[in-house]
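Chemist: So the chains spell out like this:
There are 4 protein chains.
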Amino acid sequence: MLSPTIQKLISLFSKFPTVGPRTASRFVFYLLKLSKEEIEELINSISKLKKDVKICSFCFNPFESSTSSNQEEKLCKICSNPIRDKTLLCIIEKETDLVTLEKTKKYTGRYFILGGTVSKLKKTDIEKLRTKELEERIKDHPEIKEIIIAINPTVEGEATALYLERLLKPFKLIKITRLGRGLPTGAELEYADEETLSSALENRK
Amino acid sequence: MLSPTIQKLISLFSKFPTVGPRTASRFVFYLLKLSKEEIEELINSISKLKKDVKICSFCFNPFESSTSSNQEEKLCKICSNPIRDKTLLCIIEKETDLVTLEKTKKYTGRYFILGGTVSKLKKTDIEKLRTKELEERIKDHPEIKEIIIAINPTVEGEATALYLERLLKPFKLIKITRLGRGLPTGAELEYADEETLSSALENRK
Amino acid sequence: MLSPTIQKLISLFSKFPTVGPRTASRFVFYLLKLSKEEIEELINSISKLKKDVKICSFCFNPFESSTSSNQEEKLCKICSNPIRDKTLLCIIEKETDLVTLEKTKKYTGRYFILGGTVSKLKKTDIEKLRTKELEERIKDHPEIKEIIIAINPTVEGEATALYLERLLKPFKLIKITRLGRGLPTGAELEYADEETLSSALENRK
Amino acid sequence: MLSPTIQKLISLFSKFPTVGPRTASRFVFYLLKLSKEEIEELINSISKLKKDVKICSFCFNPFESSTSSNQEEKLCKICSNPIRDKTLLCIIEKETDLVTLEKTKKYTGRYFILGGTVSKLKKTDIEKLRTKELEERIKDHPEIKEIIIAINPTVEGEATALYLERLLKPFKLIKITRLGRGLPTGAELEYADEETLSSALENRK
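Residue numbers (this note's numbering), protein chains in the order written: chain E, 10 to 214; chain G, 10 to 214; chain S, 10 to 214; chain D, 10 to 214.
No lab work stands behind these hints: they were computed from the structure.
This structure is a prediction, so every number in the text was calculated from the model and none was measured.
A hint or two may mislead.
What the hints assert, rightly or not - Listed next, the in silico DSBU-like pairs over lysine-lysine satisfying Cα-Cα at most 35 Å (straight line):
hint, chain 1, residue 1, chain 2, residue 2
1, G, Lys45, E, Lys214
2, D, Lys59, E, Lys63
3, E, Lys63, E, Lys141
Isolated chain E (complex conformation):
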């Protein structure tokens, strides 16, 4: 019923995060309606992404060389910014969390993208995280005084945070902190879980 080319593209789009076959086929029918120029624009942007975007050698954030100089940059704009506070390091799960935290304009330190979370502390799962690189950063950067574990307070995130706390214990001079727990904007006490409410009581100010 659907041509092989359409079916192939549906299966590729179905691998995109949050996309199922139904949405994938809507994507394909959307593309079919685009002009030749619009399709070329999309294809060029995708191939430019792979060519021009590099991964920061410190925090693993994707970035693009802003200068046309030959000299190759290795650090993203945040890590190479002399004004950012080098004593702070914020460990996050993934790239979008960096975008979200930057939007608050409240954090002035550097980041480290861990690359995931683990549900159980299986060796094979942990090996997918950038824990070795994290330890290297800390060893190579004695200016770091505080590490903020900014991992989601979900079941998986808590397991990962506990693992990180254990991993970072040997670095005794570094303060390890976690994001504050409490009531979010718009919350109602009546529907808050006991753990959140206990934190909100403890962290009152």
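Position chains G, S and D relative to chain E; hints supplied.
Modeler: Below, chains G, S and D without anything else, positioned relative to chain E:
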């Protein structure tokens, strides 16, 4: 189609919180299936509620005399409990918030049920709150050293909390606190609003 | 924390359909705020329900005697209405379905409230349905020419409808029908299941 | 914070149906993790789509030439299938509706993709629909005996269907039908709207 008695009861149940006419009619058909004894049990419980349950003269929490003595009690179990910390007073919107906070077992002080929130600081709205009684409690109880405004961080709640902070300003020796803001259990950074995330960063520990 | 009378009433309200403990406690706090007169009105309505509302001896619909005569009525307003079409009988699961169907003003026959559905055709489950009474009605009322099985097209409903079709097979002169299947108002083809769409194609007109 | 290439691609993905900026950025971070080969596969599939997929000259369904012959095909597999019933024409809103209807395996005729719906019968809106092409098909294909208007029974869909019925009125020998209305699989009478329930009663069988 429906008999007047059924319709009357549907209209009475429709006034219950969260109940619409459809649910109200399900309630009535449920009652019709109950035995005579079950109906009597319900009726007795409702009339006993009005007869036996009093309102605490300190915190406005409903309570029931636990002794059969003639001596009339005026304070609920929490307010009359000698172990509770009399230096703490927690202002809450409504009775269910007291139940929710007690479940955490983290709060040892007394409560004060404000009786609502205000969306705008209209005089007529504020008069519905127990602000006069609140001021009386504070004047009559110099042992109070900290007042926790445990009002929902919703738009209405924030307006009410601001009003309370202004109202309590003259009591200079009392510390005024608010419930801690931050990420609740199960939250994901990606979907957290900026205000919550800013609080979570500030309250890190 | 909560008084026994309050807890008792919470547990009674928690048995109401769709009501959990949280909603049940909101009901109790709502009742506590009502005046003495309002509580009496509620209690009187509930006891009047049990006293005055009878169950129709034909269709099992609850009804109330409209006359003050001594002569006891046995049929509800629908069953005793001479204009209603006595050749049609509509089998429904529960009382609210009758209310819903009457609102359409498209059905002019009588009803029969089956009293539930069955998920599996277990003997003990089927015995809870009014199948014996249904057979009696059909035998006693040879004027019935069509029986409409107006049971929800859910998994449980389908099992019940199949059971009814088998039960009614011996009454060869009676036409057995089911509610029409197809797209409901506001449906989108894209999200319709195959069975519904197949029916919609077959029943096109 | 985000590089121009990433931002450009986020803005392009944000134009995809159902995709907002948050999902679009997840798409980009997903692409960044793909291998060079996987990116090439995606790019090739997109450009192949534009090159190889044609639009059927009868029904506007996208299709791909199955043969490698020089002879250019103009009709999709459904329209060129000699077994399909040429007396039936099913008017649908969009390509995905064709896929959905084909899955039922209950329809054996041809389709016509209208290309949208109209909310109000404004001339400029109607001109975006393929009404002129529809009239041409009917004139050029006297074998068509029934036209099924398979437009969603939504507010917009109903307006469009009414417009089509008016448009097709002059073709007196053709039967115009609509998809059957009624209860969908899993529906509950209690929550059905009156129009759907009225249809279900009328279309009982």
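Chemist: Each hint should be assessed against the structure and marked as holding or not.
Modeler: Hint by hint, here is what the structure shows:
no.: 1; hint: G/Lys45 x E/Lys214; result: violated (54 Å)
no.: 2; hint: D/Lys59 x E/Lys63; result: holds (30 Å)
no.: 3; hint: E/Lys63 x E/Lys141; result: holds (20 Å)
Comparing the model with each earlier hint shows a violation of hint 1 alone; every other hint is respected.
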